[in-house]
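Undergrad: Top to bottom, those sequences are chains V and U. Just so we're aligned: 9 in the working numbering is position 9 of the first sequence, and the numbers increase by one with no gaps anywhere. Count along the second sequence starting at 1, add 300, and that's the number in the working numbering.
Don't read these hints as lab results, they were simulated from the structure. Mixed in with the good hints, there may be bad ones.
[Stated by the list, open to error] In the EDC-like style, the derived pairs of lysine to aspartate or glutamate whose C-alpha atoms are separated by at most 16 Å in a straight line are: (1) V/K126 x U/E316; (2) V/K121 x U/E316; (3) U/K509 x U/D494; (4) V/K81 x V/E241; (5) V/K121 x V/D159; (6) V/K300 x V/D200; (7) U/K315 x V/D200; (8) V/K124 x U/E316; (9) U/K313 x V/E241; (10) V/K20 x U/D494; (11) V/K121 x V/D200; (12) V/K126 x V/D183.
What you are looking at is a predicted structure, and each value in this text was computed from that prediction instead of being measured.
Listed below are the residues making up each chain.
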Amino acid sequence: MKPRKIKRFSSIANARINPKGFHPSQIKFHVLLLPLTLIMLLPILFIFSHAFKPLDELFAYPPRFFVSNPTFQNFIDLFAKMGNSGIPVTRYLFNSILITVLTVAATIIVSTTAAFALSKKRFKLKNVLFTINTLALMFVPIAVSIPRFLVIEKLDLIDNFLVHILPGLAMPVGLFLLKQFMDQIPDAMIEAAQMDGATDVQIYWKIILPLIKPAIATIAILAFQASWNNADTSAMYLNQESLKTFAYYLSTLTTTTTGNTVAGQGLAAASSLIMFLPNLIIFVVLQSQVMNTMSHSGIK
Amino acid sequence: MAKTTKSRFSLWKRKEGSAYAFLSMYAIAFIIFIVVPVVAAFFLSFTSFDTLQVPSFNGLTNYILLLTQDEVFMQYILPNTIKFALVVGPGGYLLSFFLAWVLAQLPKLPRTLYALILYSPSMTSGVAMAVVWLIVFSGDPNGYLNAFLMNANLISEPIQWLQSPQFLMTIMMVVTLWSSMGVGFLAMLAGILDINPEIYEAGYIDGIKNRLQEIIYITIPSMKPQMLFGAVMAIVGTFQAGAIGVMLSGSNPTPQYAGSLIVNHIEDYGFLRYEMGYAAAASVVLLLMVYGFSRLAIRLFTEKD
Numbered sequence: 001m002k003p004r005k006i007k008r009f010s011s012i013a014n015a016r017i018n019p020k021g022f023h024p025s026q027i028k029f030h031v032l033l034l035p036l037t038l039i040m041l042l043p044i045l046f047i048f049s050h051a052f053k054p055l056d057e058l059f060a061y062p063p064r065f066f067v068s069n070p071t072f073q074n075f076i077d078l079f080a081k082m083g084n085s086g087i088p089v090t091r092y093l094f095n096s097i098l099i100t101v102l103t104v105a106a107t108i109i110v111s112t113t114a115a116f117a118l119s120k121k122r123f124k125l126k127n128v129l130f131t132i133n134t135l136a137l138m139f140v141p142i143a144v145s146i147p148r149f150l151v152i153e154k155l156d157l158i159d160n161f162l163v164h165i166l167p168g169l170a171m172p173v174g175l176f177l178l179k180q181f182m183d184q185i186p187d188a189m190i191e192a193a194q195m196d197g198a199t200d201v202q203i204y205w206k207i208i209l210p211l212i213k214p215a216i217a218t219i220a221i222l223a224f225q226a227s228w229n230n231a232d233t234s235a236m237y238l239n240q241e242s243l244k245t246f247a248y249y250l251s252t253l254t255t256t257t258t259g260n261t262v263a264g265q266g267l268a269a270a271s272s273l274i275m276f277l278p279n280l281i282i283f284v285v286l287q288s289q290v291m292n293t294m295s296h297s298g299i300k
Numbered sequence: 301m302a303k304t305t306k307s308r309f310s311l312w313k314r315k316e317g318s319a320y321a322f323l324s325m326y327a328i329a330f331i332i333f334i335v336v337p338v339v340a341a342f343f344l345s346f347t348s349f350d351t352l353q354v355p356s357f358n359g360l361t362n363y364i365l366l367l368t369q370d371e372v373f374m375q376y377i378l379p380n381t382i383k384f385a386l387v388v389g390p391g392g393y394l395l396s397f398f399l400a401w402v403l404a405q406l407p408k409l410p411r412t413l414y415a416l417i418l419y420s421p422s423m424t425s426g427v428a429m430a431v432v433w434l435i436v437f438s439g440d441p442n443g444y445l446n447a448f449l450m451n452a453n454l455i456s457e458p459i460q461w462l463q464s465p466q467f468l469m470t471i472m473m474v475v476t477l478w479s480s481m482g483v484g485f486l487a488m489l490a491g492i493l494d495i496n497p498e499i500y501e502a503g504y505i506d507g508i509k510n511r512l513q514e515i516i517y518i519t520i521p522s523m524k525p526q527m528l529f530g531a532v533m534a535i536v537g538t539f540q541a542g543a544i545g546v547m548l549s550g551s552n553p554t555p556q557y558a559g560s561l562i563v564n565h566i567e568d569y570g571f572l573r574y575e576m577g578y579a580a581a582a583s584v585v586l587l588l589m590v591y592g593f594s595r596l597a598i599r600l601f602t603e604k605d
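Same shape as in the complex, but just chain U (with noise of 0.2 Å):
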């Protein structure tokens, strides 16, 4: 019985084992960096924990209190992070499939130019980035925008852009779009370029009589495969950009909770509060979420067979 255990692992071994050597560095990464902190922010959901003892289970308790208790949750945070994501992933999206198509109508070098200066703002996400807009947006007489409205003569009084609720959300969204051209987008123009220029003419002699049309039933379908990616990578991007309020108002919570979006209300509740199950419980809705994005965009662009 041992012997044959032993043929049958030494079997594997010869067969398999180079495999899963190659594959071992990364799996350990990845399971140590990825699938256990996803785990235990699923089984934390359901404890009370403030990281000194050790935690207690609770069910539904933190689930239950975010749905029906949490009054900032429901009344900022949620319509908060629904209004963000669906402007800027979307938003983002279309932009991003709309400009990769008039680059690929364009000849290689003033396209690379175009894509780079479009690209680029999308490299350095977040802090030089917010250099920039700390100064544009600045809320003193010589910030740009105040000093160009108030050179216009259209305000009179500079206005605090970054702490005023009204406009907080605008700009954040403004930025993140600014930012929303990348890897998704690379990958776009790189999908329509790929297209075989004689599915076009068959289209035309099909029957094909614009360039709308030729989106439509040509380019689109036949770049599904990067359009997933594209989406997949715009809706990651528009949570993973949830920081950009705290990091432009410089407070967590936001004023008034203008910008404050689910990611900002984990790290409330989990780094400054120490509730870590409620957070998790958070973090399991932001994951649900994600996931649920994604689940739709799948449905759109898999070729059904």
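Bound-form chain V, shown alone (with noise of 0.2 Å):
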């Protein structure tokens, strides 16, 4: 008698928001999001599939979306492969990881020091600053492209390695999820921390930053599809096509070779794959962290 009450009450909490378990219910819900979803990962199956297709599948007509006999193929070409002014493809991707793992490691720095000076320190200007952050999260960093290139030639930045992190290096809206995490950490901590005479940076260090880790991940996350994905940079601010990413390489792929489509579709299909796997593989990974900082992000 008494289990089977129990579990009446919780079929009654599975038909609502945030269910622990299933429930008839929730039937139409997977009727609604199946077909959805299946149309919504087929251009992400594709580029798995197409990867693996050797030449003449590429080109099969009529085209079959799935790879019938999976090769390699298509990778080895790409790594044999000397791309433009003969930087190896090697270089191109090279440069894309150490850029990803700079560009990530600063932000993270740069975003979670301001996050703690806005979130726990007291100061004049605090709530103006982080206003004129919020206000921020509209820009469009592409409205003014103009300038900025104005900027970055002022800079000497042109050709320089450092244009891939600089400009990114202020991410508003990592900013804003930080230090909306961090305003949860009870000020009495950091006050206890104070009594025992530990100074700020200690306190940003050894309480702080342990204690945000979920938002970390999260804006490492945003950080590295900013980075990692970016080819317009390499497109606009470098000559030198050693210092340039793999995702302007693959971007000169699909559009400029179009005289040598056959050479180019396996290695644009591996390479897509490429550009696709880490982000997939990150996500998956820090998915839960980025749900626990997402529930802060809020707008007051």
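Join the two chains, each given in its own frame, into one complex according to the hints.
TA: Here it is as structure tokens:
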């Protein structure tokens, strides 16, 4: 009698928001979501399937969605290939990895320190500065690409490796999410540490950073996506091929090589999988941290 | 006198110095790469500037030209931008909210799987996706869409999807909507999941009858801050996505300006014609549009107290 009663209660709970288990009323949502997600998934599946197609399947008529004789030939060709002006493809890949690692690390340092000041320090301009940053959430970088170009030119960053890293360092969304997340750390904790004689640097390093790991994971993902997928910086600010990124190399495969599409298609298919995979893996690994952070994302 | 300013400064340094030290790195990057370009765009918009000579002040000429003389802007760019923004902005936003709400009705495991699939297109906007869409919408018979339609005997000749003015805009909207479940979507999902279940119970006691009433009277009011965050992300994402027409069609301007948005117009004048002052005026108009839409969202979702 008793267990059944509990079960009945839990089944009512499962018919509401954030259920713990299955309930027949959820079927209608699956009926809606299954076809929709399958359609959403098709282009992603296509990236995987296309990358392993041999040449004759890439150009088969009628085209087939799924690969029937998978091969690594596209990847072998890609890594054997010299890009424009004799730069091996591995060089673009190396640049992208290095740039992404440096950008993510730098973004984390720059935004967590600033968020610490805005969330936990007391100073006059605190609220004004946070409001300015919230306003900057509406900033559309692409709109001011021209004055940005002039600034970067004035700073002598053209053909400089640092141009990959510096312009994206101030990420208003990142600072916003970090600050909101940090606000839930009780001030009493920090005051206690101050009583014990901890300096601000120690508080930041030993108390704040370990407690905001989910938010750090989230901005790491955002910085990663912005940097790893960036082809524009290479196209606009760099003339030296040896400083450009893998994303840029991929964009040359899809736009300029209309003349040799036969060779380009296999390479583009393999490259797009290499571009996509790290995005997916990092998000899958860190997704629960992201959801934790997003609970504090509201603009009040 | 000098002594008091000095001690006042050291007092300030002791009280607030550390806060500014922590802020400094972010502040420098923020000023150089966000504030200066925005201010510069504003000032350049009142000048004539070809990058070679010093900018010369010409008052409101750029704005007047933009609004009265630039036929391309008035006939194609502005209507295109508004059309694109209205479909992709509110469309993507409502879709994000609706899907987040549906996902919140499911237990953790299926919810996470669905969320991952819905979020994945927004992870890799741009380059990698261009490969997929260029093949799907390819103009020759073995493009996927052409092959599918010819197979079904719906068309007899392959269609140049990405070069046809009548299709380009629709394709741009579909592709952008497909990748619109981004950070805002995740924020709204988290927001819905965080609502205290007791509020719902109280709502049912107070006479809420169905799920729709539940959404309108409980869910949305309880997560206004996340709704606003999602709205701002949707607006910014919409205007930021402007380059997609050029990416798909492979040319700027796009065929007969069918897919050209303000962003492309700015690049057209700035980087191809070197009329920087004029391009800056278009930039300012774009920034004002983003700001205007965001203000509207803020009015809708801010608690009035």
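Undergrad: Hints first: check each against the structure and report whether it holds.
TA: Hint check:
Restraint check: the Cα-Cα separation between V/K126 and U/E316 comes to about 10 Å, which is no more than 16 Å; the hinted pair holds. Taking the CA atoms of V/K121 and U/E316, the gap is about 8 Å. The hint holds against a cut of 16 Å. Restraint check for U/K509 and U/D494: not satisfied, since their Cα atoms lie roughly 22 Å apart, outside the 16 Å limit. The hinted pair formed by V/K81 and V/E241 meets the criterion: a straight-line CA distance of about 15 Å does not exceed 16 Å.
Pair hint V/K121 plus V/D159 does not hold up; C-alpha atoms about 39 Å apart against a cutoff of 16 Å. A distance of roughly 28 Å separates the Cα atoms of V/K300 and V/D200; the hinted pair therefore is violated under the 16 Å criterion. Restraint check for U/K315 and V/D200: the C-alpha separation of about 12 Å stays at or below 16 Å, so the hint holds. Taking the CA atoms of V/K124 and U/E316, the gap is about 8 Å. The hint holds against a cut of 16 Å.
Of the pairs offered as hints, the one joining U/K313 and V/E241 is violated, with about 47 Å between alpha carbons and a cut-off of 16 Å exceeded. Using a Cα cut-off of 16 Å, the hinted pair V/K20 and U/D494 holds, with the two alpha carbons roughly 14 Å apart. A hinted pair counts as satisfied when its Cα atoms are at most 16 Å apart, and V/K121 with V/D200 qualifies at roughly 9 Å. Of the supplied pair hints, the one linking V/K126 and V/D183 holds, its CA atoms being roughly 13 Å apart against a limit of 16 Å.
When each numbered hint is compared with the structure, violations occur for hints 3, 5, 6, 9.
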